[in-house]
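J.: The residues making up each chain are set out below.
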Amino acid sequence: MRVIILAAMLALAATAALAVDPGERLADPSLEARARTLSGELRCLVCQNQSIDDSNADLAHDLRVLIRERLTAGDSDPQVLQFMVRRYGDFILLRPPVQADTYVLWFGPFALFLIGGAGLFYQLRKRRRSVSETELTPEAEQRATALLNDDKDNQE
Amino acid sequence: MRRLIYLLPAVAFVALAAYFFVSLTRDPSVLPSAMINQPTPAFALAGLGDQPGLVRDEFAGQVVLINFFASWCIPCRTEHPLLMNLSRELSVPLYGIDYKDKPEDAARFLGELGDPYRRIGADREGRVGIDFGVYGVPETYVIDKTGRIRLRHVGPLTPADVARELAPLVKALQRS
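Residue numbers (the numbering used here), protein chains in the order written: chain A, 25 to 180; chain B, -2 to 173.
Same shape as in the complex, but just chain A (with noise of 0.2 Å):
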């Protein structure tokens, strides 16, 4: 019983690990390699937050059986993307593309962090001149001597 159980589980984890079905494989292994890089580049838009490689949606399926289709006709991995952008917009790309209207999203916190740093670094420097600047009064200098004379002693 346990067996049977434990192959049922196996058999499962198997299916989700894995949305492409055996069918769907090109027989040429480094075209497949490619198909299945390109999947995982690609947005699934029903699902939204899987690439098109792990989603089991039927939409999902229908893209790369076209991402195979495409790259037998002789497209490159460019061009695959190119045709999927053109129908479903920048958004079908998990990785958004650097350009003007997403430099927020790439420079963003990057700009942010040099701002942060740049006024604290001001600060710092600012704190350190007004501390630096305070010099002791020739009474007090005597004094800070003696008290520390007077630590000295009590410790030998």
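Hints listed in this document are in silico derivations from the structure and should not be mistaken for laboratory results. Treat the hints with caution; some may be incorrect.
Claimed, not checked - Calculated from the model, a selection of chain A residues having no Cβ within reach of chain B, i.e. all distances over 12 Å:
#1 L55
#2 E56
#3 Q72
#4 D82
#5 H85
#6 E93
#7 Q166
What the hints assert, rightly or not - Covered stretches of chain B, as calculated for chain A (at least 3 residues, CB under 8 Å):
#8 29 to 41
#9 76 to 82
As the list claims (entries may be wrong) - In silico contact screen, one side only, chain B against chain A (beta carbon under 10 Å); selected entries:
#10 S26
#11 E122
#12 D128
Positions of the beta carbon are idealized from the N, C-alpha and C atoms, including for glycine.
Once you have looked at the hints, place chain B on chain A.
T.: Structure of chain B alone, referenced to chain A:
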């Protein structure tokens, strides 16, 4: 005055929080379309059963509505009564594309609920759908006289959608 600069992070935080809060109320399933103002993709589809099919080029020179539907699609049933009157209401031809469906199922669906379409193309493989950027049915497109896609509506149409989006656009396009 110089002290105000210390408020800047707080102000930036409030602005971001407000933006995120507003974004929470937006529907993430409605995606921007890459096909707006693009020429309608070419297609030539067979009809359902022995009925005549649908070819892109026959729309030339007129404003038309194209509705992607399927017999297996539940929201399409919600939308259907509205479609029955839509063509007459807006005085614009409504064409149907039966998306990834068996022709006999579609025929049963339309026999049961009525057929609002001037003509229907059967997109059995869903390839025409992919060319349009369809990611779920129902979707409705408005095509202008020059054959460009001017509006895409994702999900079932409601009377409010028709009054707010479709009717004014169709009227404006027909005048132009």
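J.: Hints first: check each against the structure and report whether it holds.
T.: Here is what the structure says about each hint:
Every CB of chain B lies more than 12 Å from the CB of A/L55, the least distance being 20 Å, so the non-interface label holds. Distance check on A/E56: its Cβ is at least 21 Å (rounded) from any Cβ of chain B, clearing the 12 Å threshold; non-interface status holds. Not every Cβ of chain B is farther than 12 Å from the Cβ of A/Q72; the closest lies at roughly 7 Å, contradicting the non-interface assignment. The beta carbon of A/D82 is not kept farther than 12 Å from every beta carbon of chain B, the shortest such distance being approximately 7 Å.
Not every CB of chain B lies more than 12 Å from the CB of A/H85, the least distance being 10 Å, so the non-interface label is violated. With a least CB separation of 10 Å from chain B, A/E93 falls inside the 12 Å interface cut-off, contrary to its annotation. Its beta-carbon lying about 39 Å from the closest one in chain B, A/Q166 satisfies the requirement of being farther than 12 Å from that chain. Given a C-beta distance limit of less than 8 Å, the hint that chain A covers the stretch 29 to 41 of chain B holds, as 4 residues qualify and 3 suffice.
Residues of the stretch 76 to 82 of chain B with a Cβ under 8 Å from some Cβ of chain A number 0, which does not satisfy the need for three, so the listed coverage is violated. Below 10 Å, beta-carbon pairs count as interface contacts, and B/S26 has one with chain A at about 8 Å; its hint therefore holds. Interface hint at B/E122: satisfied, since its Cβ lies 8 Å from the closest Cβ of chain A, which is below the 10 Å cut-off. Interface hint at B/D128: satisfied, since its Cβ lies 6 Å from the closest Cβ of chain A, which is below the 10 Å cut-off.
In this structure, the hints that do not hold are numbers 3, 4, 5, 6, 9, in rising order.
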